[in-house]
Amino acid sequence: MKNVITVKEVTKVYNPDTIPVHALRGVDLEIGQGEFTALVGPSGSGKTTLLNIIGGLDNATEGSVIINDQDIEKLSDSQIIEFRKQHIGFVFQAYNLIPVLTAKENVEFVMLLQGASQAARDARVKELMNAVGLSEHLDRRPSQLSGGQQQRVAVARALASKPRFVLADEPTANLDSKSTADLLDIMSQLNQEENITFLFSTHDQRVIDRARRVVMLEDGAVISDDTKM
Amino acid sequence: MFNTMIIKIAWRNIWRNKIRSLTVVGSIVIGVWALTFMMAFYDGFVTMYISSAVENDLSHIQIHNPEFVDEKEVKYTIDDYTELIKVLSSDNDILSFASRSLNNGMIANSKGSRGCDIRGIVPIDEAKLTRLDKKIVEGNYFDLTKKKNPIVIGKKLADKMKLKVKSKVVLTFQKTDGELISAAFKVIGIYKCTNSIFEEINLFVQQKDLGRLLEDDQMIHEIALLLKDVKQLDTVQAALASKFPQNLVENYKEISPDVNLYESQMGVITYIFIIIIMFALIFGIINAMLMAILERTRELGMLMSIGMNRMKLFLMIVFETVFIGLIAAPLGLLFGHFTVLYFSKVGIDMTEALEKVGLNEILYPTLNVESYFTITVSVVITAILGAFYPAYKAIRLKPVEAINKI
Ligand SMILES: Nc1ncnc2c1ncn2[C@@H]1O[C@H](COP(=O)(O)OP(=O)(O)OP(=O)(O)O)[C@@H](O)[C@H]1O
Ligand SMILES: [Mg+2]
Chain A
1 MKNVITVKEV
11 TKVYNPDTIP
21 VHALRGVDLE
31 IGQGEFTALV
41 GPSGSGKTTL
51 LNIIGGLDNA
61 TEGSVIINDQ
71 DIEKLSDSQI
81 IEFRKQHIGF
91 VFQAYNLIPV
101 LTAKENVEFV
111 MLLQGASQAA
121 RDARVKELMN
131 AVGLSEHLDR
141 RPSQLSGGQQ
151 QRVAVARALA
161 SKPRFVLADE
171 PTANLDSKST
181 ADLLDIMSQL
191 NQEENITFLF
201 STHDQRVIDR
211 ARRVVMLEDG
221 AVISDDTKM
Chain B
1 MFNTMIIKIA
11 WRNIWRNKIR
21 SLTVVGSIVI
31 GVWALTFMMA
41 FYDGFVTMYI
51 SSAVENDLSH
61 IQIHNPEFVD
71 EKEVKYTIDD
81 YTELIKVLSS
91 DNDILSFASR
101 SLNNGMIANS
111 KGSRGCDIRG
121 IVPIDEAKLT
131 RLDKKIVEGN
141 YFDLTKKKNP
151 IVIGKKLADK
161 MKLKVKSKVV
171 LTFQKTDGEL
181 ISAAFKVIGI
191 YKCTNSIFEE
201 INLFVQQKDL
211 GRLLEDDQMI
221 HEIALLLKDV
231 KQLDTVQAAL
241 ASKFPQNLVE
251 NYKEISPDVN
261 LYESQMGVIT
271 YIFIIIIMFA
281 LIFGIINAML
291 MAILERTREL
301 GMLMSIGMNR
311 MKLFLMIVFE
321 TVFIGLIAAP
331 LGLLFGHFTV
341 LYFSKVGIDM
351 TEALEKVGLN
361 EILYPTLNVE
371 SYFTITVSVV
381 ITAILGAFYP
391 AYKAIRLKPV
401 EAINKI
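If you're matching them up, the sequences are chains A and B in order.
In this text, residue positions in the first sequence follow the numbering used here: the first is 1, and each later residue adds one.
In this text, residue positions in the second sequence follow the numbering used here: the first is 1, and each later residue adds one.
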């Protein structure tokens, strides 16, 4: 199986000049095409830090992150923005959506950034909003949607640009258990039917149960890596 | 395309914090309103100043023998006078004109003597052209039935020489051949005008008296004329100049450098007004936009994370500010327009305020279409400039830090 993400000996030290915090201490990780992987570990173990580095939002202190045969640590600021736009979908814990745009416009947004045609956008928006079960709510603003619905729109938005993979940092942290279950249903369905790669962090045992691979971090290092059969 | 999306977001962002946006809109409206009024007021003031100078003194066009302008000698009279008068009388663009005999001389009484400019006028024509008859403050204007050698002198001169109505004076002046002659005149009126130096030096006699004394009743040195419409100034001036090339035909701007200065400075003053007001507004805009950016830090981080580049982010913030300006500018212009319209109907009484300057008139603010355009463009430029710093702040944000911001 081809790797989508290869993390090699990544370390991250915050505040190296004052009070150094070793957030990651030599992490190696390979994520293959079509994986559905949860990143778990106690608070402060480095989950967010690792996801940020994989997503090109932050730089590693040492080591490399290879995506698409490209070491993203070596890209310039503007190249990395372009790279994120083309290859990575993001779902954050909150504040995912642009509040002044409707659900449909939010989903289209990245496609517009990519310069997709009107027809292509319409087709994709319809398909994705169907997939996340919100085809009825195309014209609602985020404030008119529940937290769970907003996260589903965020998943649709993340997928709109046909990224190589989707990164999600605690996407269910602000959701009740029903919404959590719905969101996971959608994510795993997209994963199985469309072979979309998901890498997400979570504290929630119910979410962990749904993952097919669980990577556990502790104190900035991978301490276990289990793939369910 | 994507830019329409940026515009859409920028536009809708304005309405997220209505109070803040309306505060900015409000201050721009007030600024533009004040600016509109100030510009119209100044414009009206200059118009008033110029028209007062034109109506009381300069007229629109003056014709001289060019030698006379340089040498001031009596022998340099206007060339082809009779023909010139014919042309002026039949020209439909001309409202009125008056001929003058000018002579440097002395005025004397028992107390002493001083130099003066003697203006030999045709009373009816002069009254029509410069309203000299309306400026008489003591005694009377020239009257056809009255006796020999009446004279009208300025208030200032009267004060200096302790002259009153009915005082007798002796004028001494040159004939064409250089010989001096003297004659007795009787003060029949004292005039007051806006310019006290003019008042001190210039005195008026009837041209026919002067002609008789000089033994030449066509000794005309100056013809001044008013047009029906100032817009015809250049055309009429050019036509007269080409028809009578021996004479010097000048317009009021050429004759009076200070009127010319006022007119040309109008543009500069306007820009100074604009800069002052816009400078005040720009701080309000910067402040409001910085607050907006602070409020939306996480959202901006998210936008950068999902691939919105700095250029687009920058544009988005600039657009938002420009939209605020574009909402406010027309409102301010509208208020300004109606205020100017109102005062241009009723006028602003400047009698007390401007008495010292010698202008005692009603001021009518005026504004041309060009100014409305200038103001709008200035507001947009100000908005863009005001957006720069906040937008710069926004694009300096690091996505991770922005997202993690509480
Ligand atoms: N910007 C920062 N500056 C300094 N230290 C930081 C910064 N961000 C994270 N850290 C530290 O790095 C370590 C890893 O943090 P990280 O946020 O990656 O943990 P996490 O596993 O996501 O925790 P949680 O489950 O609470 O979200 C922690 O010790 C944290 O205090
Ligand atoms: Mg975290």
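Derived by calculation from the structure, the hints in this document are not laboratory data.
A few of these clues could be false.
What the hints assert, rightly or not - Which residues of chain B face chain A? A few of them, derived with a C-beta cut under 8 Å, are:
no.: 1; residue: M5
no.: 2; residue: I7
no.: 3; residue: R12
no.: 4; residue: D143
no.: 5; residue: L144
no.: 6; residue: K147
no.: 7; residue: L294
Note that the coordinates shown come from a computational prediction; the quantities given were computed from them, not determined experimentally.
All residues carry an ideal CB built from backbone N, CA and C; glycine is no exception.
Tested hints:
1. Hint on M5/B holds. Least Cβ distance to chain A is approximately 5 Å, under the 8 Å limit.
2. The closest approach between the C-beta of I7/B and any C-beta of chain A is roughly 12 Å, which is over the 8 Å cut-off, so the hint fails.
3. Look at R12/B: its Cβ gets to within about 4 Å of chain A, closer than 8 Å, so that hint holds up.
4. Given hint, D143/B at the interface with chain A, is violated; its Cβ is 81 Å from that chain's nearest Cβ, farther than 8 Å.
5. Hint status for L144/B: violated, given a least beta-carbon distance of 83 Å to chain A, over 8 Å.
6. Restraint check, K147/B versus chain A: the minimum CB separation of about 90 Å is more than 8 Å; hint violated.
7. Because the closest C-beta pair between L294/B and chain A is about 14 Å apart, greater than 8 Å, the hint is violated.
Against the hints set out earlier in the document, violations occur for numbers 2, 4, 5, 6, 7.
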